[in-house]
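J.: Sequence:
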Amino acid sequence: MLLLAGLTTGHKIGLAVVGAVFIAFAITSSFVAPRRRPDFPGKNGLSVFVIASVVLFAAMLTSVIVFGREAEAKGPEATPAPSAAGAKTIPVTETEFKITLPTESGLKAGKFTFDVKNAGKIQHDLVISGGHVQGPSKTPLLNAGSSAKLTVTLGAGNYTLYCSVPGHRALGMVAKLAVG
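When you read off a place in the sequence shown, starting at 1, and then add 506, the result is the number in my numbering.
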């Protein structure tokens, strides 16, 4: 469970499926098959059982490598500088467990720079989801007192801004933004 909490949302399902197949095979070959066939895997089935075990083990290792890979977080210095032509800057302040945005109405689709400041005591990040987001939609983890800029192009729609640190969104680190 702790491993799944540390993985990104998109990879949890792939890892869970491969893990479930591996666990089902282990339980079946350990408890179910010997009960139905006391000589399991038998003389002729031993080589098949060993090959199946090795293949499933290799599949599990491969899935951990593939699905467990997270995008490398780039530091604030690697964030592209916002273009001066038309990018609207929106200040964002994060604390435990709240995201504060200025009251914005009538935002038009276009380029936005989110100036994110972690005013809390623990690490936070900012993720933008929903609508149509072009560009990186997540800041790196920010230590207390740190800040970063996130420049994205947002199409018309409703967006959710949240902290992706496990448990923070559920504790209230979520905000809504409408772009028309």
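The set of hints was computed from the structure by calculation and includes no laboratory data. It should be emphasised that the depicted structure is a prediction, and the values quoted were computed from it without experimental measurement. Be aware that one or more of the hints could be misleading.
[Claimed, not checked] 27 angstroms max Cα-Cα, derived DSS-like pairs, lysine-lysine:
hint, residue 1, residue 2
1, K594, K614
2, K604, K682
3, K627, K655
4, K627, K614
5, K614, K655
6, K644, K623
7, K623, K655
8, K594, K617
9, K617, K604
10, K604, K644
11, K623, K549
12, K627, K549
13, K644, K614
14, K682, K644
15, K655, K682
16, K594, K604
17, K594, K549
18, K682, K623
19, K623, K604
20, K627, K604
21, K655, K617
22, K594, K623
23, K682, K614
24, K617, K644
25, K604, K614
26, K617, K627
27, K604, K549
28, K604, K655
29, K682, K617
J.: Against this structure, judge whether each hint is valid.
T.: Hints and how they fare:
no.: 1; hint: K594 - K614; in the structure: holds (10 angstroms)
no.: 2; hint: K604 - K682; in the structure: holds (12 angstroms)
no.: 3; hint: K627 - K655; in the structure: holds (19 angstroms)
no.: 4; hint: K627 - K614; in the structure: violated (34 angstroms)
no.: 5; hint: K614 - K655; in the structure: holds (20 angstroms)
no.: 6; hint: K644 - K623; in the structure: holds (14 angstroms)
no.: 7; hint: K623 - K655; in the structure: holds (9 angstroms)
no.: 8; hint: K594 - K617; in the structure: holds (6 angstroms)
no.: 9; hint: K617 - K604; in the structure: holds (24 angstroms)
no.: 10; hint: K604 - K644; in the structure: holds (17 angstroms)
no.: 11; hint: K623 - K549; in the structure: violated (66 angstroms)
no.: 12; hint: K627 - K549; in the structure: violated (62 angstroms)
no.: 13; hint: K644 - K614; in the structure: holds (21 angstroms)
no.: 14; hint: K682 - K644; in the structure: holds (15 angstroms)
no.: 15; hint: K655 - K682; in the structure: holds (18 angstroms)
no.: 16; hint: K594 - K604; in the structure: holds (22 angstroms)
no.: 17; hint: K594 - K549; in the structure: violated (72 angstroms)
no.: 18; hint: K682 - K623; in the structure: holds (17 angstroms)
no.: 19; hint: K623 - K604; in the structure: holds (12 angstroms)
no.: 20; hint: K627 - K604; in the structure: holds (12 angstroms)
no.: 21; hint: K655 - K617; in the structure: holds (13 angstroms)
no.: 22; hint: K594 - K623; in the structure: holds (17 angstroms)
no.: 23; hint: K682 - K614; in the structure: holds (15 angstroms)
no.: 24; hint: K617 - K644; in the structure: holds (15 angstroms)
no.: 25; hint: K604 - K614; in the structure: holds (25 angstroms)
no.: 26; hint: K617 - K627; in the structure: violated (30 angstroms)
no.: 27; hint: K604 - K549; in the structure: violated (63 angstroms)
no.: 28; hint: K604 - K655; in the structure: holds (18 angstroms)
no.: 29; hint: K682 - K617; in the structure: holds (17 angstroms)
In summary, the numbered hints that this structure violates are 4, 11, 12, 17, 26 and 27.
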